[in-house]
Amino acid sequence: MSSVNPDLVKERQKCTFDVQELVHFIDRGEEHTLERKELEDLVLSVKELKDETPEEYLSHKERYENAIRKASLLFKILQKYFETHNLLDIFSPTNKYRVQFGVLKDVSPFLVHMGMFLPTLLHQTTPEQAAEWVPKAQSMQMIGTYAQTELGHGTFLRGLETTATYDAKAEEFILNTPTLTSFKWWPGGLAHTANHCVVVAQLYTKGKCYGVHPFLVQIRDLETHMPMPGIKIGEIGSKLGYNTVNNGFLGFNKVRIPRTNLLMKNAQVLKDGTYVKAKSEKLTYGTMVLIRVLIVTDMAYELARASTVAVRYSVVRHQSQPKPGQPEPQIIEYVTQQHKLFIAVATSHVYRITGHWLWDTYYKVTSDLDKGNLEQLPELHAVSCCLKAVCSRDASIHIDDCRLACGGHGYMKSSSFPFIQAIVTASVTYEGEYTVMMLQTARYLMKTLKQALSGKAITSTVAYLLDFDKNSNRNWQNTPEGIVIGFQAIAAGLTKAAYDEIEKHEKTGLDYEDSWNQASVQLVRASEAHCRVIICEKSWLEAQRLTKSLSPALSKVLLELVELYIIYWALEKKGDFLVYTKMQKDDVMQLQQRYEELLAVIRPNAVGLVDGFDIRDEILNSTLGAYDGRVYERLMEEALKSPLNAEPVNTSFHQYLKPFMTAKL
Amino acid sequence: MNVNKDLQNERNKCSFNVRELTEFIDGGKNRTLERKHIEKLILAQKDELFGGTPEDYLSHKEKYERAIQTNVIILKIVQDFMRDANGGDLTNYRDVLTTLLNFVVSREGTPFALHFMMFLPVFLSQADEEQQMEWLPRAWNCNIIGSYAQTELGHGTFIRGLETTATYDAATKEFVLHSPTVTSYKWWPGALGHTANYCVVVAQLHTKGQCHGIHSFIVQVRDEETHMPLAGIRVGEIGAKMGLNMINNGFIGFNHVRIPRRHLLMKHAQVLEDGTYVKSRNSKLNYGAMVFVRVVIVFDSVNYLSKAVTIATRFAAVRRQSQLKANEPECQIIDFLTQQHKLFIGIATCHALKMTATKLWDTFNEVQQQLRGGNLERLPELHALACCLKAVSTADTAALAEGGRRACGGHGYMRSSGLPQTCAVLDAACTFEGDNTVLLLQTARFLVKVWRGLDTLKLTPTVAYLRTTLTEGFNDKWDNTVEGIIKGFQTVSMRKISECVSCMAKRMMSGMSQEEAWNMTSVQLVAAAESHCRVIIISYFHEEFVKVSSSFSPALRRVMKLLVELYTLYWALDKLQDLLKYTSISKTDTEQLQERYEDTLNALRPDAVGLVDAFDIMDEILQSTLGAYDGRVYERLMEEALKSPLNAEPVNRSFHQYLKPLMQGKL
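Protein chains in written order, with the numbering used here: chain A, 1 to 665; chain P, 1 to 667.
The following block holds chain A by itself, in its conformation from the complex (with noise of 0.2 Å):
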């Protein structure tokens, strides 16, 4: 690194604590570091992974062409790879194969294939049905998509109008899209890249309807790749982000399938037609709830990276001139400028604290699950879904202040903020709606509360429930712990208050689903107040019993970041306190003083602890975060890569703009 802007410099000198030691604690240990750059290493190194053109200048179609290349490419090079390492990995929140935003800004067309479609083979098949098709998953030889979603149907499933109908005498199934809203609509990889798709289904048998379920078919020719017969299958068209993904549409016309393509690990069809049930209907959540455990981490991610750039930017841009005749001061000493920056740094920390923390329980329920204990499975549900949706939303809030933080300049392209949010934005959509999400939390909530007011047991992440009359009368405390109970009086309140409103309007003579949609801006309320005690006291209890192992200097520095957190949503969730807890007006002032003291003692460590997100210049793809700040020269020759550029006089000056002004068209 030559000339590193001299800022910069500066700022890495001030740090207080061991940038090397945050990395390994980041990555969970020095081994896996060196595990992590070693793949990087591997990856970066293949030059033909390099685009001349930057991707955002190229037409939809050649972007589409380019991400095949280089995914193939890509996936060659982790072929090999696994030959000497785990592949299941690839299955856990770890940062390892984020090396693949330095190949592809915009995700890659096999997304799906690795993400959905090989953990659904393996989780929801028979030994028989996967010795059969996942050495071909792993291998390629099968490319596979998940296919749910339908035009007009999204979160409800249940309303979901693809028919796989029996027929016993050929001992197949036979698919039909009956209607333009049952099309499948948006499986990434679809449209031209996938082969075989998990279709998910209404199963009708002997005459009767069972409800969805997940059947492996195959869509093209392994030879041709042109579409099977009765397949009509395309792209859906070009999208916010996540365009070279290749999201499909997919439509059957009475298409045949073996009996044996029913995944069936859970519920069977028999020759003759016998349906035999699943031994619990809960056991087909298990893809969906691994897939909004591992979006915490994904959120901590992508954190690191909208505020690794914001924080360079605002040591290397200088602006106005507070006192006259000084010099104009980085803009990263204004405090409003650390307001937007700091909270995105610390909950980048806090989501990754709460995601392992989420994963660890995932593991143990799931391997519960083996055992044919499901006792913990809605509560893993409940908290996964809201978790989900607030993790997703607020990351979303924080990169887009983080992004406003570097003006007009987050606006480019290639800042990289642009494709961060476009990914971001799609995860509080996907995988189940934000809102509708946070219905699921508020309905475990009103159920367990129901079950604590008739002095039954509830479980351990809303025990608080029952203390609620109590935590209320505590007095209050200006501390982490403090707050952490307090947020549990609030959601204890908001969730009787929720709760009340559906009986008053209940007594009015509207009916239960009718009272809840009347009830529901406030459910919404309540589950994130829920959700909020999580991550609180999770990333606060976690912090501080992994921060044990660390350096003194580090593990000050983090305790610090999770309780800016903390003191950060206590304040924007004051009203709430002075509501539901015994918060004073005082209380308030010293809690925004505490917060402006942490803004100020975190502001030497800022460009230190973004350092320590690690995330190498080609995978964060930014002319304003570098590591070297060459913020300005960046900027430059990127603008010079655009193929406008390239000629001095676009031909539609003389076409249609000299014609325009000189009055001749």
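Quick caveat, the hints were computed from the structure, so don't treat them as lab data.
Accuracy of the hints is not assured; some may be wrong.
With the C-beta cut set under 10 Å, the calculated list includes, among others, these residues of chain A facing chain P [to be verified]:
1) PHE183
2) HIS192
3) THR193
4) LEU222
5) GLU333
6) TYR334
7) SER520
8) GLU647
Only pairs whose alpha carbons sit at most 25 Å apart, straight line, appear in this in silico DSS-like list of lysine-lysine [as the list claims (entries may be wrong)]:
9) A:LYS136 - A:LYS76
10) P:LYS173 - P:LYS208
11) A:LYS496 - P:LYS587
12) P:LYS13 - P:LYS76
13) A:LYS447 - P:LYS325
14) A:LYS208 - P:LYS325
15) A:LYS277 - A:LYS265
16) A:LYS658 - P:LYS76
17) P:LYS587 - P:LYS477
18) A:LYS507 - P:LYS325
19) A:LYS232 - P:LYS643
20) A:LYS271 - A:LYS206
21) A:LYS496 - P:LYS575
22) A:LYS76 - P:LYS666
23) A:LYS664 - P:LYS40
Glycine included, each C-beta is placed from N, C-alpha and C at the ideal position.
Following the hints, position chain P against chain A.
Frame of chain A; chain P shown alone:
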């Protein structure tokens, strides 16, 4: 037209006359007729304007070429119309501009935006009469196309920090323009990339060895015949952006470029032939163009938000999802209260901001009259108002449009919905023409100044409440009416400013400099400025409604009153923490507010589609698969998908090149 049944039902339910509301929004019956006339002219060239491959599939370069091709057609239609309608009279320039902006057909903006939004207005406000005579007719006829270059690669908000220099050479009677560093390259001006041939450049004026600060110069950038950049000028586009990719934002650098003395815009300050600098009468005079542009931004943001809510509301009426009750059909998602909560505030916001901006605009025109009489008293107030209004409006419209987009679930992520592009435009407005945080701090500066002079200053109307709410005997008993809530917001704003001032005083007592104390308090100062702006918007909306509602039919009056109510309740609930902290509101009051808010949503529900129909945005301008008037959502989604060039072939060539070799282990 074959209209979706659900949408038709909604229209049958509507309680008021949609056309009446449309005419109110347009500003009168004649304006509606005028608009519809232009729409007809545009539709006559439908194929050229809207045919072919949708712009979303083109490369960056092709998009630009398409933008030039279609925009000259539109421009010619509007220009001819304007010429016929008012013979080139520019006295009500905002109307002209509004008409132009209404007909931007690309969802990523137009390369002519800057010519009309900045180049012409700056000329009108900063060129002297002779200069106007020389340049304006050519500019108005688009014989020349201009841009406005202020921001530099390394300098935005803080304009005193600009580095580009214009040094007067008395020997040749020329200015020499120069870009001394990379950071001094002009960066961002729309149209500057490959479209404009002239540009107003803001540079540090040096004469007789002295710097007189920044001034505006008109500079020819490209040859009028060949369009080649002129000697000494390095010009190009700045590259792909999150949205607005048709604006053709550019960069420009000068290598000792010479321009005549009279290319300095001389309405306010002058440089004489011998190099003598003649000062402007009043530095505040430059506020004019800034207030103008910010008001225009508010109108334009409302424009885009009305598109977003039209799309989201119609989609919510067509989309059915989940069973509220077992065995009943899936219900329209607009029946979900959570959905109404996301959408109806957007509709109300369009009206609230439009009325506020109109009022600000009228006041601004009055003040301009006073200016001519030398009365500058209200200029700082208006400037402060325009700053916070721009900041709050762009932030609110961006957030609400994004909320509307998400309320359409995944389909709102499709470009064919029109929502991503709409959100991207609104997002850009949050940082351009003054970053929102910086603007709010400007308003805060004004408020602090007023607060410190509270005992002595004569208070102008928009800040008069600072004294009223503080006066002894002010009734601070909480009252849950719209007027009561407005009073509550006034108290909040007053207390916040007061707290900021005492907080700064405390910090200065403890040894901080004034600037450090300001910086340490800036998070609270931003919040105070926002509160002030909320007071203004809510009270203007309320007052203006009361004023105009006498001319409404009873049905329209009822529904508009509900919108005022909804808007006020929404913000009261959103800012509950402030009300709890600074006013005498009780927990019971807040519960009542929540209940009334929910009742208001229910009351507006049957009129929701009528309310967005009244924005009367024709399908060709709206360009949305989800929001078209006929509600053929799913058919249009599929039709648009089939236009993707990728769908023209069943197998893409990359299969044979890469995918198949990979599958067979031969790559």
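* **Agreement of LYS136 of chain A and LYS76 of chain A with the hint, judged by alpha carbon distance not exceeding 25 Å** => With a Cα-Cα distance of about 15 Å, the restraint between LYS136 of chain A and LYS76 of chain A holds, given a limit of 25 Å.
* If you take the shortest Cβ to Cβ gap from GLU333 of chain A to chain P, is it below 10 Å? -> holds, 7 Å
* To do: Would you mind confirming whether the straight-line C-alpha gap from LYS208 of chain A to LYS325 of chain P stays at or under 25 Å?
  => With Cα atoms ~22 Å apart, LYS208 of chain A and LYS325 of chain P stay inside 25 Å; holds.
* Hold the hint about THR193 of chain A up to the distance rule: shortest CB distance to chain P must be less than 10 Å. => Cβ of THR193 of chain A sits 7 Å from chain P, so the hint holds.
* To do: Hold the hint about TYR334 of chain A up to the distance rule: shortest CB distance to chain P must be less than 10 Å.
  => holds, 6 Å
* Does LYS587 of chain P lie within 25 Å of LYS496 of chain A when you go C-alpha to C-alpha? -> Given pair LYS496 of chain A, LYS587 of chain P holds - Cα atoms ~15 Å apart, limit 25 Å.
* Are the Cα positions of LYS271 of chain A and LYS206 of chain A separated by 25 Å at most? -> Holds. LYS271 of chain A to LYS206 of chain A sits at ~12 Å (cutoff 25 Å).
* Given hint LYS325 of chain P paired with LYS447 of chain A - CA-CA distance at most 25 Å -> holds, 18 Å
* To do: Let me know if the C-beta of SER520 of chain A comes in closer than 10 Å to any C-beta of chain P, holds or violated.
  => Constraint on SER520 of chain A satisfied, holds at 5 Å.
* **Minimum beta-carbon distance criterion (10 Å), HIS192 of chain A to chain P** => holds, 5 Å
* **Restraint outcome when PHE183 of chain A is required to lie within 10 Å of chain P by C-beta distance** => holds, 7 Å
* Is it true that the CA of LYS507 of chain A sits at most 25 Å from the CA of LYS325 of chain P? -> holds, 18 Å
Checked against the numbered hints given earlier, this structure breaks only hint 12.
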